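So the chains spell out like this:
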Amino acid sequence: DAMVIQNPRYQVTQFGKPVTLSCSQTLNHNVMYWYQQKSSQAPKLLFHYYDKDFNNEADTPDNFQSRRPNTSFCFLDIRSPGLGDAAMYLCATSRVRVNTEAFFGQGTRLTVV
Amino acid sequence: AQKVTQAQTEISVVEKEDVTLDCVYETRDTTYYLFWYKQPPSGELVFLIRRNSFDEQNEISGRYSWNFQKSTSSFNFTITASQVVDSAVYFCALSGQVSGTYKYIFGTGTRLKVLA
Numbered sequence: 010d011a012m013v014i015q016n017p018r019y020q021v022t023q024f025g026k027p028v029t030l031s032c033s034q035t036l037n038h039n040v041m042y043w044y045q046q047k048s049s050q051a052p053k054l055l056f057h058y059y060d061k062d063f064n065n066e067a068d069t070p071d072n073f074q075s076r077r078p079n080t081s082f083c084f085l086d087i088r089s090p091g092l093g094d095a096a097m098y099l100c101a102t103s104r105v106r107v108n109t110e111a112f113f114g115q116g117t118r119l120t121v122v
Numbered sequence: 431a432q433k434v435t436q437a438q439t440e441i442s443v444v445e446k447e448d449v450t451l452d453c454v455y456e457t458r459d460t461t462y463y464l465f466w467y468k469q470p471p472s473g474e475l476v477f478l479i480r481r482n483s484f485d486e487q488n489e490i491s492g493r494y495s496w497n498f499q500k501s502t503s504s505f506n507f508t509i510t511a512s513q514v515v516d517s518a519v520y521f522c523a524l525s526g527q528v529s530g531t532y533k534y535i536f537g538t539g540t541r542l543k544v545l546a
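So the sequences go chain by chain: Y and X.
Going by our numbering, the first residue of the first sequence is number 10, and it counts up by one from there.
Going by our numbering, the first residue of the second sequence is number 431, and it counts up by one from there.
Hints listed in this document are in silico derivations from the structure and should not be mistaken for laboratory results.
Hints may contain errors.
Facing chain Y, from chain X, some residues (calculated, C-beta under 8 Å) [what the hints assert, rightly or not]: (1) GLU474; (2) LEU475; (3) PHE521.
Here are the computed lysine-lysine pairs in the DSS-like style, where the Cα-Cα straight-line distance is at most 25 Å [unchecked claim]: (4) X/LYS533 - Y/LYS47; (5) X/LYS468 - X/LYS533; (6) Y/LYS47 - X/LYS468; (7) X/LYS446 - X/LYS533; (8) X/LYS543 - Y/LYS53; (9) X/LYS433 - X/LYS533; (10) X/LYS500 - X/LYS468; (11) X/LYS446 - X/LYS543; (12) Y/LYS53 - Y/LYS26; (13) X/LYS468 - Y/LYS53; (14) Y/LYS47 - X/LYS433; (15) X/LYS543 - Y/LYS47; (16) Y/LYS61 - X/LYS533; (17) Y/LYS53 - X/LYS433; (18) X/LYS533 - Y/LYS53; (19) Y/LYS47 - Y/LYS26; (20) X/LYS433 - X/LYS468; (21) X/LYS468 - X/LYS446; (22) X/LYS500 - X/LYS533; (23) X/LYS500 - X/LYS433.
Owing to the predicted nature of the structure, the values given are computational and were not obtained by experimental measurement.
Every residue gets a Cβ at the ideal spot worked out from N, C-alpha and C, and that includes glycine.
Given these sequences and hints, build the entire structure.
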């Protein structure tokens, strides 16, 4: 059974139209991550939550926001998607931040038209 | 600096051949962990192995084996008797501290194509 679930798998949005991607987990892990992965590149960390503590990467654009209303759910909001935001967005969880494996969802492939 | 280098961008092998994926890392930490993940076409990164910096024993799991050598800062991954289902992108990652925050530092990945 899937332990990290991302919805939708594919999302098409219009240039500048806000979009929300969702992630849920059944592992009860403390940490949830959002990564952006563009074609043939490594995943790039956007931000992560340790419980309710939000940690933003210095180079994450302000256009990207996140919410974690409870342990199980985390959302990625893109306020005004640009063509350059088209990518695969991966959600991951880990029990703690340090030195433990992360479990990934299947990703949401975002297309901006 | 914390860095993971996977110099092989793409490798093609014929089914049943053995193949080794290279991973070289840089870290200032004395305690750190290394990982390998598999990303099949479906997109999900699948965890394969975690190795801590104090354990240099090689590990074997079925057709997979890993060779960790601190002296050369390498953590290489070998698939024996490769199969078409092994075709995927493989990422090596390091868990380390960057700007005061622990995070996973991924290599750029190696795309493995196993041909029937």
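Tested hints:
Given hint, X/GLU474 at the interface with chain Y, holds; its Cβ is 4 Å from that chain's nearest Cβ, closer than 8 Å. Because the smallest distance between the Cβ of X/LEU475 and any Cβ of chain Y comes to about 4 Å, under 8 Å, the interface hint for this residue holds. Hint status for X/PHE521 relative to chain Y: holds, with the closest Cβ pair at about 7 Å, below 8 Å. A C-alpha spacing of about 19 Å is found between X/LYS533 and Y/LYS47, which places the hinted pair at or below 25 Å, so the restraint holds.
For the hint pairing X/LYS468 with X/LYS533, the CA-to-CA distance comes to about 18 Å; that is within 25 Å, so the pair holds. For the suggested pair Y/LYS47 and X/LYS468, the alpha carbons sit about 16 Å apart, so the restraint of at most 25 Å is met. In summary, the hint linking X/LYS446 to X/LYS533 is not supported, as the alpha carbons are separated by about 36 Å, beyond the 25 Å threshold. The suggested pairing of X/LYS543 with Y/LYS53 holds, with an alpha-carbon distance near 24 Å, which does not exceed 25 Å.
In summary, the hint linking X/LYS433 to X/LYS533 is supported, as the alpha carbons are separated by about 12 Å, within the 25 Å threshold. This hinted pair checks out: X/LYS500 and X/LYS468 have alpha carbons roughly 23 Å apart, not beyond 25 Å. Restraint check: the Cα-Cα separation between X/LYS446 and X/LYS543 comes to about 12 Å, which is no more than 25 Å; the hinted pair holds. Simply put, Y/LYS53 and Y/LYS26 have alpha-carbon atoms about 23 Å apart, close enough for the 25 Å limit, and the pair holds.
Between X/LYS468 and Y/LYS53 the alpha-carbon distance is near 16 Å, which keeps this suggested pair within the 25 Å criterion. Using a Cα cut-off of 25 Å, the hinted pair Y/LYS47 and X/LYS433 holds, with the two alpha carbons roughly 19 Å apart. Under the criterion of a C-alpha separation no larger than 25 Å, the hint pairing X/LYS543 with Y/LYS47 is consistent with the structure, at around 20 Å. Proximity of Y/LYS61 to X/LYS533 is assessed by CA-CA distance (about 17 Å); at most 25 Å being required, the pair is judged to hold.
A C-alpha spacing of about 13 Å is found between Y/LYS53 and X/LYS433, which places the hinted pair at or below 25 Å, so the restraint holds. A hinted pair counts as satisfied when its Cα atoms are at most 25 Å apart, and X/LYS533 with Y/LYS53 qualifies at roughly 11 Å. With a C-alpha separation of about 20 Å, the suggested pair Y/LYS47 and Y/LYS26 falls inside the 25 Å cut-off, and the hint holds. Taken as a hint, the X/LYS433 and X/LYS468 pair is honoured in the structure, with Cα atoms around 19 Å apart against an allowance of 25 Å.
Under the criterion of a C-alpha separation no larger than 25 Å, the hint pairing X/LYS468 with X/LYS446 is consistent with the structure, at around 19 Å. With a C-alpha separation of about 20 Å, the suggested pairing of X/LYS500 with X/LYS533 holds against the 25 Å cut-off. Straight-line distance between C-alpha atoms of X/LYS500 and X/LYS433 comes to about 15 Å, which keeps the hinted pair within the 25 Å bound.
Checked against the numbered hints listed earlier, the structure breaks hint 7 alone; every other hint is satisfied.
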